[in-house]
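Protein chains in written order, with UniProt numbering: chain W, 1 to 191; chain E, 1 to 191.
In short, the hints are calculated from the structure, not lab data. Remember, it's a predicted structure, so these values are computed and weren't measured experimentally. Fair warning: there could be bad hints in the mix.
Note that identical chains are pooled: a pair holds if it fits in a single copy or bridges any two copies.
The list that follows gives simulated cross-link-like pairs (lysine-lysine, DSSO-like), each with its CA atoms no further than 30 Å apart [stated by the list, open to error]:
# : residue 1 : residue 2
1 : Lys184    : Lys54
2 : Lys37     : Lys185
3 : Lys54     : Lys82
4 : Lys82     : Lys185
There are 2 protein chains.
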Amino acid sequence: METPISLHPWLDNGFAKGDPGFSGGTLVCACTDRPVKVRISGGIAHNHACGCTKCWKPADATFSIVAVTPHENVSVIENGDKLEIVDPTALIRRHRCRECGVHMYGPVEREHAFQGLDFIHPERFQERGWPEPTFAAFVSSIIEAGVDPSRMNSVRNHLRQLGLEPYDCLSPDLMDFIAAWTAKKSGVLTQ
Amino acid sequence: METPISLHPWLDNGFAKGDPGFSGGTLVCACTDRPVKVRISGGIAHNHACGCTKCWKPADATFSIVAVTPHENVSVIENGDKLEIVDPTALIRRHRCRECGVHMYGPVEREHAFQGLDFIHPERFQERGWPEPTFAAFVSSIIEAGVDPSRMNSVRNHLRQLGLEPYDCLSPDLMDFIAAWTAKKSGVLTQ
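Isolated chain W (complex conformation) (with noise of 0.2 Å):
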């Protein structure tokens, strides 16, 4: 039998659910000499696991865990020097530590649905409680990481038996959002 693969290690076993009342806290990188931390003051949204080869995720993950907050909630409190852009063309501004790569928070800044929001990876949390990831994007995705494409259906299923409902996209009400605020723009929609 083959070893089954490795989701993320926050995942493969179960999660508990998160607090309700969970209100912000400070991400931390990995770094033990003078970590970047960063502030979210405030809560977090559609937490999931993404399976895309751009967003941070630990060695042997092969899917991240990722969340948005408003950028207002977003403050670098310590060892911002360290951070850098991966890719400053790309929609979501993904800010890593230079030293130890853990991305610590990503803005959308360009004119888009996700406008005005940071993406943000909740395991970097020094507390718990953060809202458990609700279900997995981009699954497809992570054959373009090398996982091989006959794995796929155990891949889903596991996903599956986890709770995380897998979509090769975003999940069906963020991609409606998406497309609402397509039609909005374009004027096809005007409510």
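Assemble chain E onto chain W, guided by the hints.
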């Protein structure tokens, strides 16, 4: 009670399975005078309902019905002088009848997982028996054509009732196929 949204006249009230022996036929545009005719000399695959805003669909339909066939199976046999390319820069080079607007075939010529395939609309076959659609793609995109986001639950439920699992991109099989093509091209997958 709101009037249900018509998915497509061929779909709304259920549909029969195709003939497993279907091996092609003739696509005919909607003109009564000098209709364009395109011969498909072989089977078709991946037939599905598509909610994207680019695919041709009959008036009042919300989804198109679209499938693929290898390009070498496609030949224009009558009135090809009426064909024009909708958008020469698009991945799918859709050829439509400039009089009635029906899209007759759309080859993918660019380097892509679908290169060598032509997209066609099986409902334009003058013959019956073409394989029935088996899923629905780009469902959220119907909002971009003006469907109110509040109707999406009912649209997705209707598609599921018809056996057409709704996806907001392509089906998992096709998304995996595209990802595997990308992974081979980048060298991440070698087999």
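Verification of the hints:
| no. | hint | in the structure |
| --- | --- | --- |
| 1 | Lys184 / Lys54 | both (29 Å within a copy, 18 Å between copies) |
| 2 | Lys37 / Lys185 | neither (37 Å within a copy, 38 Å between copies) |
| 3 | Lys54 / Lys82 | within (20 Å within a copy, 45 Å between copies) |
| 4 | Lys82 / Lys185 | neither (38 Å within a copy, 34 Å between copies) |
Going through the hint list in order, the structure does not satisfy hints 2, 4.
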